[in-house]
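Colleague: Sequence:
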Amino acid sequence: QYQNEEKEQQLAELRDAHKSAISELKKTHERQLQQLKDSLEGVKETAVALVKDELASVKKELALEKERTNENARFFAREVKSISDKARRKLDNRSSHFLKKVKDGYTVLHYAAYNGHLEVAKLLIQSGVNVNAQAEASYYYYCDTFSP
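The sequence shown lines up with residues 883 to 1030 when you count with this note's numbering.
All clues given are correct.
Simulated crosslink set (EDC-like; lysine to aspartate or glutamate; CA at most 20 Å straight-line):
id, residue 1, residue 2
1, Lys-1004, Glu-961
2, Lys-942, Glu-953
3, Lys-901, Glu-890
4, Lys-909, Asp-898
5, Lys-968, Glu-1001
6, Lys-901, Glu-912
7, Lys-948, Glu-936
8, Lys-934, Glu-923
9, Lys-909, Asp-920
10, Lys-963, Glu-1001
11, Lys-1004, Asp-967
12, Lys-963, Glu-953
These aren't lab readings, by the way, just hints derived from the structure by calculation.
Working from the sequences, and respecting the hints, build out all of it.
Modeller: So, in structure tokens, the structure goes:
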């Protein structure tokens, strides 16, 4: 009976040691798990901050590009208006240069249409140039970019 009690005592001690070891392992695992969670949260915050910074940088670049594009558009609009205004002033003066035929019998309207100057061609037509004038040369160019 003494041996049985001794074995039971040893068994109880082993059970307690086992419970204690399992408890310590659980605590260790919980601490490690919390450390991993904290590390992941830090990585997540860093990644979010980096993405936000990159997004802000891209937005600034897009804003600058938009401004450059708008400035270019304003520049070209001013240039077209300036050219149109010059052409309109000359036409308003009824300059005979615009109404007569030039080399090979072509008119300024022929050259404007052939070279794709739609705004100038429209101004010439609005100013009353002869849209039925024919060139004296034996060859003709077809221009499909202009229709009065």
